[in-house]
Amino acid sequence: MVPQSTLDRQPPVWGVRVWGGLILGAIALALLPVLLPYLQDPEAYPLVNGGGLTQLQAFWQAALHPDLSQELLRVVGPATLTTLAYAVCGSSLSLLLGTVGGVLCSELWWESVFPGRRSAGFVWPLLRGLLVVPRGIHELLWGLILIHLWGTDPLTGIVAIALPFGAATAKIFSKI
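Residues 20 to 195 in our numbering are what the sequence shown lists, from first letter to last.
Since the hints were made in silico from the structure, they are not lab data.
For every residue, glycine included, the Cβ atom is placed at its ideal position computed from N, Cα and C.
Some hints here could point you the wrong way.
What the hints assert, rightly or not - With beta-carbon atoms standing in for the labels, derived distance ranges:
no., residue 1, residue 2, range
1, LEU103, GLN59, 25 to 35 Å
2, VAL151, LEU127, 49 to 59 Å
3, ALA187, GLY69, 21 to 31 Å
4, LEU149, VAL107, 49 to 59 Å
5, TYR64, ILE166, 36 to 46 Å
6, ALA81, VAL132, 56 to 66 Å
7, LEU92, GLY40, 49 to 59 Å
8, SER88, ALA63, 41 to 51 Å
9, THR171, GLN76, 55 to 65 Å
10, SER88, ILE195, 44 to 54 Å
11, VAL94, ARG36, 28 to 38 Å
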């Protein structure tokens, strides 16, 4: 049995209704610049683009009844295997980077290498801080950055996958 507190619980200052009203008000305020031109002149600023409906219909038609001709499958099959190879290579490299980075960013490793020394006291937090950068940049952006450096080499895609996931793996491995 859980003991009862002798202190009276005070109700929250703002209840669920107040927070819900604030959220709905914020959404309405955010939509106001979009809806204001429509409210002033509905003919000039339609809410729905009628020209896009045919494109939407074509999309759903292709999604529900995909083209499975042999010509398309001859192109898609090798491309799928290439994509899978990039993913496996990028994941393997991220595991390697994560293992090495995890050891280097482990506080226990630094304490065992430099026992009782404060000289390594700044290295460990510095390395942990450096892991934030590759984790914070999406692999698509890494791909764009590396394309400028290396061109459209297959290694560009593999490293673009490996950098953020390797940094995330290193952070996880450093806490084990």
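Comparing the hints with the structure gives:
The beta-carbon spacing between LEU103 and GLN59, approximately 53 Å, falls outside the hinted interval of 25 to 35 Å. For VAL151 and LEU127, the hinted distance range of 49 to 59 Å is not satisfied, since their beta carbons lie about 20 Å from each other. Checking the proposed 21 to 31 Å range against ALA187 and GLY69 shows it is violated: the Cβ atoms sit about 45 Å from each other. At roughly 27 Å, the beta carbons of LEU149 and VAL107 sit outside the given window of 49 to 59 Å.
Checked against the hint of 36 to 46 Å, the pair TYR64 and ILE166 passes, with Cβ atoms roughly 39 Å apart. Under the hint 56 to 66 Å, the C-beta atoms of ALA81 and VAL132, about 59 Å apart, fit the expected range. A hinted range of 49 to 59 Å for the beta carbons of LEU92 and GLY40 is consistent with their spacing of about 54 Å. Taking 41 to 51 Å as the suggested C-beta distance range, the pair SER88 and ALA63 conforms, at roughly 44 Å.
The supplied range of 55 to 65 Å is broken by THR171 and GLN76, whose beta-carbon atoms lie about 35 Å from each other. Restraint check, SER88 to ILE195: a C-beta distance of roughly 50 Å satisfies the suggested window 44 to 54 Å. Remark: the range hint 28 to 38 Å for VAL94 to ARG36 is contradicted by a beta-carbon distance near 56 Å.
Violation of the numbered hints given earlier is confined to hints 1, 2, 3, 4, 9 and 11; the remaining hints are satisfied by the structure.
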